[in-house]
Every structure is written in C-alpha cells, then in structure tokens.
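One line per chain: the protein sequences are X and D, in this order.
Using the numbering used here, the first residue of the first sequence is number 1, and each one after it goes up by one.
Using the numbering used here, the first residue of the second sequence is number 1, and each one after it goes up by one.
It cannot be assumed that every hint is accurate.
[Stated by the list, open to error] One side of the interface only, derived from the structure: several residues of chain D facing chain X at Cβ under 10 angstroms:
no. : residue
1   : Leu35
2   : Arg39
3   : Tyr40
4   : Leu41
5   : Val119
6   : Gly123
7   : Thr124
8   : Thr159
9   : Lys212
10  : Ser220
11  : Gly221
12  : Ala222
13  : Glu224
14  : Thr225
15  : Met226
[Stated by the list, open to error] In silico negatives: residues of chain D with every beta carbon more than 12 angstroms from chain X:
no. : residue
16  : Thr10
17  : Ala14
18  : Gly19
19  : Thr102
20  : Glu104
21  : Met121
22  : Ser162
23  : Asn207
24  : Ser219
25  : Val242
[Said to hold, decoys possible] Between beta-carbon pairs, the in silico distance windows are:
no. : chain 1 : residue 1 : chain 2 : residue 2 : range
26  : X       : Gln55     : D       : Arg250    : 21 to 29 angstroms
27  : D       : Leu35     : X       : Glu236    : 56 to 64 angstroms
28  : D       : Gly72     : X       : Pro221    : 49 to 57 angstroms
29  : D       : Ala53     : X       : Pro221    : 37 to 45 angstroms
30  : X       : Thr36     : D       : Ile29     : 45 to 53 angstroms
31  : X       : Glu207    : D       : Ala53     : 17 to 25 angstroms
32  : X       : Glu309    : D       : Glu49     : 49 to 57 angstroms
33  : D       : Arg249    : X       : Pro268    : 42 to 50 angstroms
34  : D       : Pro37     : X       : Pro319    : 44 to 52 angstroms
35  : X       : Gln316    : D       : Pro116    : 22 to 30 angstroms
No lab work stands behind these hints: they were computed from the structure.
Think of the CB as a built atom: it goes at the ideal place given N, C-alpha and C, for glycine as much as any other residue.
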Amino acid sequence: MFRRALAAIAGTMLLLAPACGGGGDEDAAGDGGTTTVTVGVIPIVDVAPIYLGDQQGFFEERGIDLQMETAQGGAALLPGVTSGQFQFGFSNVTSLLIAQNQGLGIQVVANGNNSTGQEGADFGAVVVPEDSPIQDAADLEGATVAVNTLENIGTTTVNASVREAGGDPSQVEYTELELPDMPAALSAGRVDAAWVVEPFLTITAQENARPVAWNFVDTAPDLMIAAYFTSDEYAEQNPDVVEAFAAAVEESLQYARENEDEIREVVPTYTEIDENLIQELTLPVWPSEINRDAVETLNELAVEDGLIEEPVDLDQLLP
Amino acid sequence: MTTVARERRTPSWARGLFGFVVFLVMLEIVPLSGLVPSRYLPPLHEIGEALGAAVSEAEFWIAVGDTLGGWGLGLSIALGAGIVLGLLIGSSGLLLRFTASTIEFLRPIPSVALIPLAVLMFGTEIESKLMLIVYAAFWQVLIQVLYGVRDVDPVARDTARSFRFGAWSRIRHVVWPTALPYVMTGFRLAATVALVLAITAELVIGNPGLGKQIATARSSGAVETMYALVLVTGVIGVLVNVGVRLVERRVLAWHPSVRREVPA
Numbered sequence: 001m002f003r004r005a006l007a008a009i010a011g012t013m014l015l016l017a018p019a020c021g022g023g024g025d026e027d028a029a030g031d032g033g034t035t036t037v038t039v040g041v042i043p044i045v046d047v048a049p050i051y052l053g054d055q056q057g058f059f060e061e062r063g064i065d066l067q068m069e070t071a072q073g074g075a076a077l078l079p080g081v082t083s084g085q086f087q088f089g090f091s092n093v094t095s096l097l098i099a100q101n102q103g104l105g106i107q108v109v110a111n112g113n114n115s116t117g118q119e120g121a122d123f124g125a126v127v128v129p130e131d132s133p134i135q136d137a138a139d140l141e142g143a144t145v146a147v148n149t150l151e152n153i154g155t156t157t158v159n160a161s162v163r164e165a166g167g168d169p170s171q172v173e174y175t176e177l178e179l180p181d182m183p184a185a186l187s188a189g190r191v192d193a194a195w196v197v198e199p200f201l202t203i204t205a206q207e208n209a210r211p212v213a214w215n216f217v218d219t220a221p222d223l224m225i226a227a228y229f230t231s232d233e234y235a236e237q238n239p240d241v242v243e244a245f246a247a248a249v250e251e252s253l254q255y256a257r258e259n260e261d262e263i264r265e266v267v268p269t270y271t272e273i274d275e276n277l278i279q280e281l282t283l284p285v286w287p288s289e290i291n292r293d294a295v296e297t298l299n300e301l302a303v304e305d306g307l308i309e310e311p312v313d314l315d316q317l318l319p
Numbered sequence: 001m002t003t004v005a006r007e008r009r010t011p012s013w014a015r016g017l018f019g020f021v022v023f024l025v026m027l028e029i030v031p032l033s034g035l036v037p038s039r040y041l042p043p044l045h046e047i048g049e050a051l052g053a054a055v056s057e058a059e060f061w062i063a064v065g066d067t068l069g070g071w072g073l074g075l076s077i078a079l080g081a082g083i084v085l086g087l088l089i090g091s092s093g094l095l096l097r098f099t100a101s102t103i104e105f106l107r108p109i110p111s112v113a114l115i116p117l118a119v120l121m122f123g124t125e126i127e128s129k130l131m132l133i134v135y136a137a138f139w140q141v142l143i144q145v146l147y148g149v150r151d152v153d154p155v156a157r158d159t160a161r162s163f164r165f166g167a168w169s170r171i172r173h174v175v176w177p178t179a180l181p182y183v184m185t186g187f188r189l190a191a192t193v194a195l196v197l198a199i200t201a202e203l204v205i206g207n208p209g210l211g212k213q214i215a216t217a218r219s220s221g222a223v224e225t226m227y228a229l230v231l232v233t234g235v236i237g238v239l240v241n242v243g244v245r246l247v248e249r250r251v252l253a254w255h256p257s258v259r260r261e262v263p264a
C-alpha cells in the first residue's frame with residue numbers, strides 16, 4: 001500500500017514538472033516565419049470582427065497565427081497583457097485610460113468598436129421598467145442605476161447623459177451589478193434603472209423595459225468604445241508583429257462592416273447567444289480608424305468624474 | 001428493530017433518488033407557478049432541452065474533460081504534498097512546533113482570496129486553476145495526516161523502536177497503517193473541495209472548463225444553458241463523491257470501521 005502511494009506521489013511530481021514549466025512560450029516564432037500571438041478577449045458581440053477576420057485568413061496572410069483566449073471581463077485581460085500571457089487584449093477606452101494613468105505601460109494598436117451614434121438604435125442604453133416615472137436622463141437624479149463596473153465607462157457616459165439633460169450626475173446612485181443579473185433585477189424592482197448593452201438591451205426590451213438615455217450617443221458623436229491594445233514592452237520588442245496585427249484588425253473591421261450577416265453567423269461560435277436573439281441585436285459599428293476626439297472626450301470625462309486625477313497623454317496611448 | 005427492517009425494504013440509494021426526483025419536480029413546478037419569473041429560472045423541461053443540445057456538442061465534453069483534468073491533477077498534487085509533508089512534520093516534534101502557527105495562519109485563508117494573485121502569476125493558464133485547487137485541498141489532507149500521525153499507538157511505536165526498526169520501516173509498518181484512515185478522510189474532503197475550486201476558478205478567472213461555459217452562457221443571456229451546466233456540475237459532484245467512497249472502502253477494507261462483520 002505504501003509503495004503504491006509513493007508511486008502516486010512520484011507520478012504527481014512528474015505531472016507537476018511540465019505544469020510548472022509553462023508560461024514562457026509567448027512569442028516564439030514558429031516555422032515558416034509565422035508568429036503565434038494570443039489575444040485576450042471578452043466573449044461578447046463587440047469582438048466578432050476579429051473572429052471573422054481570423055476565419056477569412058487576414059492574420060494568417062500576415063504571418064500571424066492567432067490564438068483567441070476568452071476571459072470574463074477586462075479584469076483578467078489587463079494583467080494578462082502586461083504580464084505577457086497575452087500579446088494583445090481588448091478593453092474599453094476608459095479602462096485603458098485608467099490603466100495608463102496607473103502607469104501600466106500599455107498602448108492602443110487598433111480600433112475596437114464604436115457606438116452607432118443613433119439615438120434609439122445603439123447597442124447600449126439606460127433602461128427603466130415600463131411603468132417607471134423616469135422619463136429622461138435628468139430624472140435619473142436620486143434613482144438607483146445598475147452598472148456593470150463602478151467608476152468606468154458606464155458611469156462616466158451615463159453621467160454625461162445626465163449632464164446633457166440638465167441633471168446633476170452626483171445625485172445618481174450607482175450600484176454594481178453584473179450585466180446578466182440586470183434584467184431580473186430591473187423587473188423585480190431592485191434597481192430603478194440599469195445601463196445595459198447587447199444582448200441584454202434586447203432582452204430587457206422583450207420584457208418591455210423602456211430606454212431613457214442613450215449614453216454613448218450623448219457622450220460624443222460615434223463614440224469609440226473599446227480598442228485592441230498591447231504592452232509598451234511588447235510593442236518595443238516586436239514592432240513588426242504589432243504593425244501586422246493592427247493591419248489585420250483593420251482589415252477585419254472593414255470586412256465586418258461590409259458583411260453584417262457573417263457577423264451574426266460568427267457570434268454563436270464563441271458565445272451561447274440564442275440564434276433568434278442574434279438576429280434582433282443592434283450591432284456596434286466597426287470603423288477601421290481610431291476616433292481620437294472620442295478618446296479625448298472620455299479622457300476629460302474620466303478626469304471630471306474623478307476616475308483619474310489628470311488627463312492621460314494621448315500621444316503615448318494612441319498610435 | 002423496526003427501523004432496521006424498514007431500511008432494508010427501501011435501500012439508501014432509492015431514498016436518495018426519491019429526494020432528487022422531488023427536487024427535479026420542484027424545479028419544474030416553481031417556475032411554471034410564477035413564484036419566480038420563468039424567464040430567469042426556466043422550468044426543468046426547458047433546461048433539459050438545453051442540456052440535450054449541449055451534450056451533443058464536442059465543446060461540452062472538452063469542457064468536462066478540462067474540469068476533471070484540473071480537478072484530478074490538483075487533487076493528486078495536494079494529496080502527494082499533504083501526505084509527504086504531513087508524515088514529515090507529524091513525525092518530528094520540533095518541526096510540528098515550528099510549523100504549527102504558520103499552518104494555523106495559512107489554513108484559514110480562503111483559496112478564492114488568492115484569485116488576484118493567481119491571475120497575476122499565471123493568467124488564465126491551467127496553473128492559476130491548479131494553484132487554487134491545490135491550496136484549498138492541501139490543508140484538508142495535511143491536517144488529517146497530522147492527526148493520523150499523532151494517533152499512533154505509543155505501545156506499538158515503542159515496540160517498533162525496541163525492535164530497532166529504522167525510520168523507514170517505522171513509517172511503513174507503524175505510522176502509515178494508523179494514518180491511512182485519516183488520509184482517506186482527507187482525500188474525501190479534498191476531492192469535493194478540489195471540484196468546487198476547479199469550477200470557481202473557471203467561472204471567475206476564465207480557465208477552460210465547465211465553469212467558463214457557465215460564465216459564457218450567462219454573459220450570453222442563455223439562461224437555460226446556464227442552468228443545464230449548473231446541474232451537470234452537481235451530477236459530477238455526486239459522481240466524485242461516490243467514486244471517492246468506493247476507493248475509501250477498498251483501501252480500508254482491512255480497517256474495523258469498514259469491516260463491519262467483526263463485533264467489537
């Protein structure tokens with residue numbers, strides 16, 4: 001019996017050895033001049049173009065073997081990129097501004113996605129139950145509003161909506177709830193309003209929730225929401241890879257703009273969104289170029305709302 | 001007497017099954033009754049449909065494999081390290097005194113509190129999941145082994161010493177048989193804890209596995225699929241428990257606690 005246990009322990013140690021040795025194979029150039037890069041993304045509609053672009057071979061033809069890693073929320077993505085586990089990541093602009101302000105040493109390499117810029121037809125909005133007395137963004141004063149992350153792009157853009165409608169954003173009571181929990185919380189009356197993005201905007205609409213503020217639209221025209229980024233260190237050491245990756249993303253974004261039906265086909269390959277629901281979603285728009293004015297606006301809002309103390313130097317953050 | 005007779009008529013697995021059936025019936029009735037909105041807690045038959053769709057995809061089985069793989073590997077590491085260190089520390093009074101306060105300090109730290117550290121060190125690679133599993137499961141084993149070593153009959157120990165048993169033979173013939181039932185208890189506790197931590201890590205960190213599938217279904221608003229996967233984790237938990245008990249019974253077949261027919 002003891003001998004068998006010893007054998008088990010020895011076996012364990014053997015298994016442990018390769019497990020401990022991992023983590024060092026980041027950017028080993030593979031055969032045939034291709035470079036394997038890992039991109040950390042969140043499994044949401046916003047990143048559909050990169051999946052589609054990979055299918056279309058836009059990365060392969062530039063010598064990039066693209067590996068997608070999905071993480072839950074940006075929290076695991078930023079340290080993943082700065083520690084070198086991922087070479088690139090996808091994150092919203094406000095998170096990137098905060099990270100840059102904290103000195104994490106990151107830089108944007110390509111556009112992620114943008115608001116449609118159309119009131120009534122965007123992919124994110126503040127919604128209230130059908131019978132709520134709240135009629136517009138100014139009425140959010142004194143209301144409990146659910147956001148997925150406090151002190152981030154949700155609160156700062158909803159604040160912009162409230163300000164534009166003549167309200168005082170400091171009177172809004174934000175509460176943190178995960179997006180999937182918002183429809184139920186809203187219909188049970190646990191919150192007065194919720195800032196939701198797709199697919200939950202459509203899900204709440206099916207429950208007769210009513211949009212009262214289109215916060216992305218109110219913040220800036222064609223607001224840039226998210227971007228693909230890398231660490232300063234990686235960009236310095238691999239300028240060619242970064243350039244090739246950025247070009248491939250830009251081509252993917254263009255392809256996504258021109259082939260909306262293919263976007264709706266690729267989404268189920270990495271999410272569990274119901275096939276019927278996908279057809280009804282409002283998609284973001286995917287310009288290839290970075291909207292510097294929008295980033296500047298988010299930068300100013302982040303300072304105004306106290307997310308960062310002073311504005312981030314955009315020349316360092318943006319390409 | 002009568003209870004014994006009744007127990008014999010309905011075997012324990014049948015009673016367990018009855019409880020499970022009641023649970024499933026409740027799961028069907030409660031959402032349909034409108035007690036909770038069926039949009040957010042779908043009735044059983046809808047969960048069943050989603051489960052049927054899920055199990056027909058390779059993705060699901062890969063996820064099950066990832067979860068069980070991480071669980072097995074983490075559990076083995078915790079078991080190996082717990083037994084070796086437990087025997088080592090337990091057989092030396094000096095080591096025991098030196099490590100006691102450290103163990104008492106580290107043991108209550110919940111493994112999930114180490115998630116930020118695990119993500120920072122290993123990202124979403126399997127190591128971060130293993131770190132959480134091993135940390136949680138290791139203490140369960142170590143503490144049991146320490147108790148087991150302490151439980152050695154002093155007469156047996158002294159006898160072994162007077163027969164000039166070497167350290168190795170002492171561990172093998174005296175300490176190990178005494179500690180084995182404790183080791184098995186540690187193994188049983190660790191096996192369940194390891195599964196909980198495997199799924200937690202996948203849910204929160206996003207390591208590949210069932211937990212990640214649950215999180216993806218959740219962030220996609222696919223409520224039925226999410227609950228289907230949650231039920232699957234429950235089934236795996238039951239299977240793990242049954243399996244561990246079988247192993248325990250076999251390993252300890254000689255032990256009085258298992259060998260029931262011998263009256264004390």
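Evaluated hints:
{"no.": "1", "hint": "Leu35", "result": "violated, 12 angstroms"}
{"no.": "2", "hint": "Arg39", "result": "holds, 7 angstroms"}
{"no.": "3", "hint": "Tyr40", "result": "holds, 4 angstroms"}
{"no.": "4", "hint": "Leu41", "result": "holds, 9 angstroms"}
{"no.": "5", "hint": "Val119", "result": "holds, 5 angstroms"}
{"no.": "6", "hint": "Gly123", "result": "holds, 3 angstroms"}
{"no.": "7", "hint": "Thr124", "result": "holds, 6 angstroms"}
{"no.": "8", "hint": "Thr159", "result": "violated, 19 angstroms"}
{"no.": "9", "hint": "Lys212", "result": "holds, 7 angstroms"}
{"no.": "10", "hint": "Ser220", "result": "holds, 4 angstroms"}
{"no.": "11", "hint": "Gly221", "result": "holds, 5 angstroms"}
{"no.": "12", "hint": "Ala222", "result": "holds, 4 angstroms"}
{"no.": "13", "hint": "Glu224", "result": "holds, 9 angstroms"}
{"no.": "14", "hint": "Thr225", "result": "holds, 5 angstroms"}
{"no.": "15", "hint": "Met226", "result": "holds, 8 angstroms"}
{"no.": "16", "hint": "Thr10", "result": "holds, 36 angstroms"}
{"no.": "17", "hint": "Ala14", "result": "holds, 34 angstroms"}
{"no.": "18", "hint": "Gly19", "result": "holds, 28 angstroms"}
{"no.": "19", "hint": "Thr102", "result": "holds, 22 angstroms"}
{"no.": "20", "hint": "Glu104", "result": "holds, 25 angstroms"}
{"no.": "21", "hint": "Met121", "result": "violated, 8 angstroms"}
{"no.": "22", "hint": "Ser162", "result": "holds, 22 angstroms"}
{"no.": "23", "hint": "Asn207", "result": "violated, 10 angstroms"}
{"no.": "24", "hint": "Ser219", "result": "violated, 6 angstroms"}
{"no.": "25", "hint": "Val242", "result": "holds, 21 angstroms"}
{"no.": "26", "hint": "Gln55/X to Arg250/D: 21 to 29 angstroms", "result": "violated, 50 angstroms"}
{"no.": "27", "hint": "Leu35/D to Glu236/X: 56 to 64 angstroms", "result": "holds, 59 angstroms"}
{"no.": "28", "hint": "Gly72/D to Pro221/X: 49 to 57 angstroms", "result": "holds, 54 angstroms"}
{"no.": "29", "hint": "Ala53/D to Pro221/X: 37 to 45 angstroms", "result": "holds, 42 angstroms"}
{"no.": "30", "hint": "Thr36/X to Ile29/D: 45 to 53 angstroms", "result": "holds, 52 angstroms"}
{"no.": "31", "hint": "Glu207/X to Ala53/D: 17 to 25 angstroms", "result": "holds, 24 angstroms"}
{"no.": "32", "hint": "Glu309/X to Glu49/D: 49 to 57 angstroms", "result": "holds, 53 angstroms"}
{"no.": "33", "hint": "Arg249/D to Pro268/X: 42 to 50 angstroms", "result": "holds, 45 angstroms"}
{"no.": "34", "hint": "Pro37/D to Pro319/X: 44 to 52 angstroms", "result": "holds, 47 angstroms"}
{"no.": "35", "hint": "Gln316/X to Pro116/D: 22 to 30 angstroms", "result": "holds, 27 angstroms"}
When held up to the earlier numbered hints, the structure conflicts with 1, 8, 21, 23, 24, 26 and fits the remainder.
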